[in-house]
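Please work from the sequences and hints to get the whole structure.
Protein sequences, first through last, are from chains A and B.
Just so it is clear: in the first sequence, position 218 is 218 by my numbering, and no numbers are missing.
Quick note: to get my numbering, add 302 to the position in the second sequence (first position is 1).
A few of these clues could be false.
Claimed, not checked - No more than 35 angstroms apart at the CA atoms, straight line, and that leaves these computed lysine-lysine pairs for DSBU-like:
hint, chain 1, residue 1, chain 2, residue 2
1, B, K418, A, K171
2, B, K403, B, K337
3, A, K224, B, K484
4, B, K414, A, K274
5, A, K259, B, K337
6, B, K507, A, K271
7, A, K259, B, K484
8, B, K414, A, K271
9, B, K418, B, K507
10, B, K337, A, K274
11, A, K171, B, K482
12, B, K484, A, K274
13, A, K224, B, K485
14, A, K224, B, K337
15, A, K259, B, K418
16, A, K224, B, K414
17, B, K482, A, K224
18, B, K418, A, K274
Stated by the list, open to error - Listed next, the stretches of chain A that the computed footprint assigns to chain B, with coverage defined by at least 3 CB atoms under 8 angstroms from CB atoms of chain B:
hint, region
19, 47-54
20, 201-212
21, 226-233
Everything labelled a hint here was simulated from the structure, so no lab data went into it.
Owing to the predicted nature of the structure, the values given are computational and were not obtained by experimental measurement.
Ideal placement from N, C-alpha and C gives every residue a C-beta, glycine not left out.
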Amino acid sequence: MSEQNQTESILQAIHLTQKLRSSVAKVFQNMADGCSVEKGNEKHILNKFHESLLAVNNDISDLEKTGNMLVSPSPVTANSMYLSNDPAIDKTPVYQQILQAYKWSNKISDLSGLAANVLEAQNKLKRSQPITIMQAKRPKRLPPTGHAFPQTVVEQTLNRLRKLPEISDIKTTHPLGSHAVLQITLGSVLKAQVALRGLMIEWVNVRGYTEENPDDSKLELWAKSRYEVFQKVTESCTAASLYFYTPHNAEFAINLFMKWFTQYRTLFSAKCSKCCNHYLNGLPPTWRDLATYEPYHDACRQ
Amino acid sequence: MGVVCVYMYPVPEGKSGQQVVDSMQRQLELLGAVKTGNFNVDCETYLSNNPQGTPQRSLHLLHNSEQPASCFSVLDTGTTLVADVLFEVLMAKLTQSKSGKDGFYQQRKGFKIESKGPRFEISDFVIKIGSVSMASNFKGILVEVEYCPCAIPAECWDLMREMMQSFMGTVADTPPAIVKSKKDQFYTPADTINQYLEHFTNFRKATVASQQPR
Chain A
1 MSEQNQTESI
11 LQAIHLTQKL
21 RSSVAKVFQN
31 MADGCSVEKG
41 NEKHILNKFH
51 ESLLAVNNDI
61 SDLEKTGNML
71 VSPSPVTANS
81 MYLSNDPAID
91 KTPVYQQILQ
101 AYKWSNKISD
111 LSGLAANVLE
121 AQNKLKRSQP
131 ITIMQAKRPK
141 RLPPTGHAFP
151 QTVVEQTLNR
161 LRKLPEISDI
171 KTTHPLGSHA
181 VLQITLGSVL
191 KAQVALRGLM
201 IEWVNVRGYT
211 EENPDDSKLE
221 LWAKSRYEVF
231 QKVTESCTAA
241 SLYFYTPHNA
251 EFAINLFMKW
261 FTQYRTLFSA
271 KCSKCCNHYL
281 NGLPPTWRDL
291 ATYEPYHDAC
301 RQ
Chain B
303 MGVVCVYMYP
313 VPEGKSGQQV
323 VDSMQRQLEL
333 LGAVKTGNFN
343 VDCETYLSNN
353 PQGTPQRSLH
363 LLHNSEQPAS
373 CFSVLDTGTT
383 LVADVLFEVL
393 MAKLTQSKSG
403 KDGFYQQRKG
413 FKIESKGPRF
423 EISDFVIKIG
433 SVSMASNFKG
443 ILVEVEYCPC
453 AIPAECWDLM
463 REMMQSFMGT
473 VADTPPAIVK
483 SKKDQFYTPA
493 DTINQYLEHF
503 TNFRKATVAS
513 QQPR
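Printed below as a string of structure tokens:
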């Protein structure tokens with residue numbers, strides 16, 4: 001019985017709250033609408049306003065009375081309060097989502113497997129070929145020829161490269177017999193040491209134009225540059241020499257590499273193609289795109 | 303040795319030089335600069351003892367802590383001599399009076415001016431914030447920015463401008479006159495000294511101008 005009373009009074013309280021809200025809304029509506037006041041008519045308007053305020057006041061006192069009548073519900077045990085927080089498992093779309101995610105991950109693993117196959121077939125970075133027992137049965141692959149060029153051919157290729165306008169000078173030395181080591185000067189920006197094996201690029205090291213060799217007569221192939229810029233450029237060049245590497249057409253590869261490398265003539269003066277700035281984190285754009293030759297900051301190239 | 307730009311950084315009214323140096327230091331540290339010690343550039347001036355009637359010539363003797371074994375002397379005609387620090391011994395001989403005669407040069411007393419302060423590095427940039435003082439009076443602030451990997455100003459000016467504007471604002475809009483005149487040539491330590499001398503001369507002129515009305 002008491003429970004029914006309780007429900008009734010709660011219903012009443014809700015009803016009263018709605019009433020209060022509507023009367024308050026009415027007051028504000030009247031104020032927001034505004035009205036033109038004729039002379040001598042101010043009292044009428046004021047009365048109207050006063051009445052609506054009184055209505056609000058009455059509603060509040062009614063609501064308070066009803067509120068006092070409400071008894072707080074019987075004490076509940078601590079855990080039962082959380083009962084209503086449990087989600088209805090049947091209504092959440094977990095299953096559909098999981099199914100979707102599963103489908104996607106399956107698709108991704110399939111596609112990445114395909115991509116890996118394609119990339120591996122196009123881009124073999126392995127320079128040595130493991131000798132397998134099954135070799136005799138397989139169709140024979142041509143052995144790489146890049147290392148087996150006579151010195152005269154190497155000289156001819158270098159003479160052609162010397163004609164590139166950005167390159168100031170290419171010095172060749174043969175410190176260990178037949179294979180050449182190049183010292184390339186690019187404008188007055190940088191100097192690069194390139195070790196060749198035949199016409200294959202084995203090692204690239206870039207240093208600043210003003211950084212002298214410790215001993216001018218000797219070739220300093222291993223000393224890294226003092227400056228971060230040239231260390232970054234060295235990294236990029238190493239990456240590029242692997243990218244352009246083609247074991248059966250070494251002359252083509254070295255031409256492509258040099259054409260790409262000459263883009264560093266504007267190392268300090270070029271703007272990044274993405275952020276259109278020169279300066280980022282203490283460095284100029286140190287990466288040149290391998291296909292388009294556009295300059296990028298290391299952070300901007302992705 | 304890279305390209306160096308030296309700028310006079312204005313001290314706003316109501317702020318002390320130290321406050322400006324501190325706030326700039328904080329700004330640089332936010333940009334990732336690492337403090338790598340202190341630096342010092344000083345300048346002394348000598349006047350020639352000429353026979354009467356001929357104008358006196360001045361000679362500026364400068365040292366830079368970045369080139370500790372060198373001594374720079376600049377004549378008022380702009381001729382710059384880079385020598386060993388032993389050159390000072392020769393200068394001492396030239397200023398000595400001997401057998402009743404005056405020396406060839408005499409030092410201008412109380413005219414020694416120097417710029418010193420912390421030195422910072424961000425990647426390949428070296429930044430020095432120097433407080434200029436003459437006879438232990440604070441005169442102003444000189445900020446030096448060096449880009450080490452490049453030796454030709456025209457190549458790296460845009461890069462340096464962007465870097466400098468990140469903490470100095472519009473002060474670094476145009477290259478210093480000496481850098482501008484040598485845009486396509488190799489930059490040398492003597493050019494840095496000439497930039498400093500130009501600023502020192504301006505500070506001295508400002509001091510003389512402010513003393514005269516009294």
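Comparing the hints with the structure gives:
1. B/K418 x A/K171: violated, 44 angstroms
2. B/K403 x B/K337: Status violated; Cα separation ~50 angstroms.
3. A/K224 x B/K484: holds, 30 angstroms
4. B/K414 x A/K274: Outside the cut-off at roughly 50 angstroms; violated.
5. A/K259 x B/K337: violated, 40 angstroms
6. B/K507 x A/K271: violated, 41 angstroms
7. A/K259 x B/K484: This hinted pair holds, its Cα atoms lying about 30 angstroms apart.
8. B/K414 x A/K271: violated, 43 angstroms
9. B/K418 x B/K507: The hint holds at about 20 angstroms.
10. B/K337 x A/K274: Satisfied, since the Cα-Cα distance of roughly 31 angstroms is no more than 35 angstroms.
11. A/K171 x B/K482: Answer holds: A/K171 to B/K482 is near 33 angstroms, not above 35 angstroms.
12. B/K484 x A/K274: At roughly 31 angstroms apart (the allowed maximum being 35 angstroms), A/K274 and B/K484 satisfy the hint.
13. A/K224 x B/K485: Holds - the C-alpha atoms of B/K485 and A/K224 are around 28 angstroms apart, at most 35 angstroms.
14. A/K224 x B/K337: With a Cα-Cα distance of about 24 angstroms, the restraint between A/K224 and B/K337 holds, given a limit of 35 angstroms.
15. A/K259 x B/K418: violated, 47 angstroms
16. A/K224 x B/K414: Between A/K224 and B/K414 the Cα gap is close to 42 angstroms, so the pair fails against 35 angstroms, i.e. violated.
17. B/K482 x A/K224: Holds - the C-alpha atoms of A/K224 and B/K482 are around 32 angstroms apart, at most 35 angstroms.
18. B/K418 x A/K274: Roughly 40 angstroms between the alpha carbons, so the hint for B/K418 and A/K274 is violated.
19. 47-54: The restraint on the region 47-54 of chain A is violated, since only 0 of its residues have a Cβ under 8 angstroms from chain B and three are required.
20. 201-212: holds (count 3)
21. 226-233: holds (count 5)
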